[in-house]
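Asks: Chains A and B, in that order, are what the protein sequence lines are. Per my numbering, the first sequence starts with residue 17, numbered consecutively. Per my numbering, the second sequence starts with residue 21, numbered consecutively.
Keep in mind the hints are simulated off the structure, nothing from the lab. In this text, a Cβ means the ideal position worked out from N, Cα and C, and glycines have one as well. Some clues are possibly wrong.
[Unchecked claim] Restraint ranges, calculated between C-beta atoms of paired labels, are given here: (1) GLY132(A) <-> PRO284(B): 33 to 43 Å; (2) ASP136(A) <-> SER355(B): 47 to 57 Å; (3) GLY174(A) <-> HIS380(B): 50 to 60 Å; (4) THR101(A) <-> ASP248(B): 18 to 28 Å; (5) GLY133(A) <-> ASN82(B): 44 to 54 Å; (6) GLY132(A) <-> PHE303(B): 36 to 46 Å; (7) LEU169(B) <-> VAL180(A): 54 to 64 Å; (8) ARG366(B) <-> ASP32(A): 38 to 48 Å; (9) PRO65(A) <-> PHE303(B): 35 to 45 Å; (10) HIS403(B) <-> VAL180(A): 51 to 61 Å; (11) ALA207(A) <-> ARG366(B): 21 to 31 Å.
Residue-level listing of the chains:
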Amino acid sequence: MTAPLHFRTATLADRDAIIALVTSAYRGEASRAGWTTEADLLDGPRVAPEVLEHDLTRPRSVVVIAERDEVPDVAAAPEPGVLVTVRRMVACAHVCDDDGAGYFGMFAVDPTRQGGGVGDAVLRECERIARDEWRLTIMRMTVIDVRDELIAWYERRGYRRTGVFKPFPYGDARFGHPKRDDLRFEVLEKALIPQAAPVPLHGGAAP
Amino acid sequence: MTPAFAKAAPSAPQTTGVGAIDWAAIRAQFPLLTRTVHGKSLVYLDSANTGQKPQAVIDAVNDFSARHNANVSRAVHALGGEATEAYEGARTSLARFLNVRRDELVLCSGTTFALNLVAYSWALPRLKAGDAIVLTRMEHHANIVPWQLVAERTGATIKVAELTPEGELDLDGLWTLLTPEVKLLAVAHVSNVLGTVNPIREICREAAKRGIVTVVDGSQAVPHRPVDIAALGCDFYALTGHKMCGPTGTGGLWGRRELLAQMPPFLGGGEMIKEVRFEGTVFNDPPMRFEAGTPNIAGHIGLGTAAEWLSSVGMAAIEAREQQLLEHAMQALQSVPGLRIFGTAREKAAVISFAIEGTHAHDLATLLDLEGIAVRSGQHCAHPLLAWFGVSATCRASLAFYNTEAEIDALVTAVNKVRTLLL
Chain A
17 MTAPLHFRTA TLADRDAIIA LVTSAYRGEA SRAGWTTEAD LLDGPRVAPE VLEHDLTRPR
77 SVVVIAERDE VPDVAAAPEP GVLVTVRRMV ACAHVCDDDG AGYFGMFAVD PTRQGGGVGD
137 AVLRECERIA RDEWRLTIMR MTVIDVRDEL IAWYERRGYR RTGVFKPFPY GDARFGHPKR
197 DDLRFEVLEK ALIPQAAPVP LHGGAAP
Chain B
21 MTPAFAKAAP SAPQTTGVGA IDWAAIRAQF PLLTRTVHGK SLVYLDSANT GQKPQAVIDA
81 VNDFSARHNA NVSRAVHALG GEATEAYEGA RTSLARFLNV RRDELVLCSG TTFALNLVAY
141 SWALPRLKAG DAIVLTRMEH HANIVPWQLV AERTGATIKV AELTPEGELD LDGLWTLLTP
201 EVKLLAVAHV SNVLGTVNPI REICREAAKR GIVTVVDGSQ AVPHRPVDIA ALGCDFYALT
261 GHKMCGPTGT GGLWGRRELL AQMPPFLGGG EMIKEVRFEG TVFNDPPMRF EAGTPNIAGH
321 IGLGTAAEWL SSVGMAAIEA REQQLLEHAM QALQSVPGLR IFGTAREKAA VISFAIEGTH
381 AHDLATLLDL EGIAVRSGQH CAHPLLAWFG VSATCRASLA FYNTEAEIDA LVTAVNKVRT
441 LLL
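Could you build the full structure based on these sequences and the hints that come with them?
Replies: Right, dumping it as structure tokens:
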């Protein structure tokens, strides 16, 4: 049985580990171990440190870290027969209040741990924060529009394509080095429905 | 063997929603509410001060004293086993009620003890000159004075988050206070004067981002709304038993296991040790490390019963019922000429502080008492808050699910009568 995920709120101390995780999920050969790779589309950084620092510290902006207790390689045990679990960062995502709507981004799952429901759980946790803590009614994100498989993953989780496109920031090195000249973002969105139905004040029977 | 009293199920009816609940039958389980005061039927509107007890809680306490009394965790005889089982069973009941692990729940005399435990065992050894503690304007003295004592001894400073005119926390202002020198943020879940329900999850989230430890005073929240501590994201949560249908002198502190494990004992004595030698003592693990001496055994068994009893009614239903009563009371009281209500937050518990122009709160409360109506008057252990509102005292009517619309109407009638006497 897979160990449960633990969510926590990232602090500035997590900055470098987050950058490493996000980079490993999208860039370079390491990312090809998972299906989220953008190695054929882009090189270079996926997240700029100064942007991440701002996201980690401003109000109504949270980087959620998912961790799992894992048993490391038996050979790494301090003594023969002693197994110590290690809490590992396996995924992260950024959620914020963007002028009254939730915005989801910087979503990364360790390429060696993809396909096990981790990403689904992280997305749901971010939706819960936007819906229950900030009382937002909509979640949005932007995805590179040629990534059909990724968009389909979000569509299975209630997101829909809006037909609203945003230009890719060609020339801004913080977003990496594109390998094609036809990249653009599409906005996806989903309505966040309050989960806990209010207790009826009058009459127990259905109306 | 399970003690006989543990088999006695709480007598609340099985219910599915607020509308399906026979609130008169619930009220009938509170024997004190049938008495008279000064020849009048008692109207008890002081539940924020202390709550009344259902028969199931009274019976649990009495049954323990009458049939099972023994000390806990230190006797091999049958009664010792029964007492320990019942006491630890109460911890389990309370932990389930709050959705926390039982080994992270310290049983203690109430919120004041719980907050002092955090102040002395967590904050005092860690804070130093240059550090800061953030409090809010609406805190009860129990969530102010322990931090002042810590600040005096460590050289740390205290910063205060201010309120909007409606009595809500000014969140943008609070965020600006959360600077790098802040190590601890202590905040009420629900204000005991204003009824304001603070957005604890959002506050704890912002604090966690900055590595700030959060301490939540849950005294006025746990009795009146579902509280899932695990979902709040705080580091410590303090609660008191006597406001939630339990006996006085009971309560708890929930703390994150890793924080509790780092904390030295607060009080020394029996139960909190593994081994004592004059050369040195090995302390017990949490929560026992913080439970020196013989605890309030009967009281906490009563508190465990109270948690089960409240669950059987349903905390969501209790919250909804109290919101009905609050709405009725707010509308009815606004009809009284010259009456000012302090605290009109969007999310508000059933606590109404008020004053009538030209009258003193103590005079008002004294005359209401002669009408059989129990409200609190004074500063409600919140001097800084009342000073901010520019008043020396208020009357406070605090409601619970066992109150009725008729009692609120009786309050309004009596307030009008008293007002004409005083003015």
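Asks: Evaluate each hint against the coordinates.
Replies: Verification of the supplied hints:
no., hint, in the structure
1, GLY132(A) <-> PRO284(B): 33 to 43 Å, "41 Å, holds"
2, ASP136(A) <-> SER355(B): 47 to 57 Å, "53 Å, holds"
3, GLY174(A) <-> HIS380(B): 50 to 60 Å, "58 Å, holds"
4, THR101(A) <-> ASP248(B): 18 to 28 Å, "26 Å, holds"
5, GLY133(A) <-> ASN82(B): 44 to 54 Å, "51 Å, holds"
6, GLY132(A) <-> PHE303(B): 36 to 46 Å, "41 Å, holds"
7, LEU169(B) <-> VAL180(A): 54 to 64 Å, "56 Å, holds"
8, ARG366(B) <-> ASP32(A): 38 to 48 Å, "40 Å, holds"
9, PRO65(A) <-> PHE303(B): 35 to 45 Å, "43 Å, holds"
10, HIS403(B) <-> VAL180(A): 51 to 61 Å, "54 Å, holds"
11, ALA207(A) <-> ARG366(B): 21 to 31 Å, "23 Å, holds"
Figure legend: structure checked against the earlier numbered hints; every hint is met.
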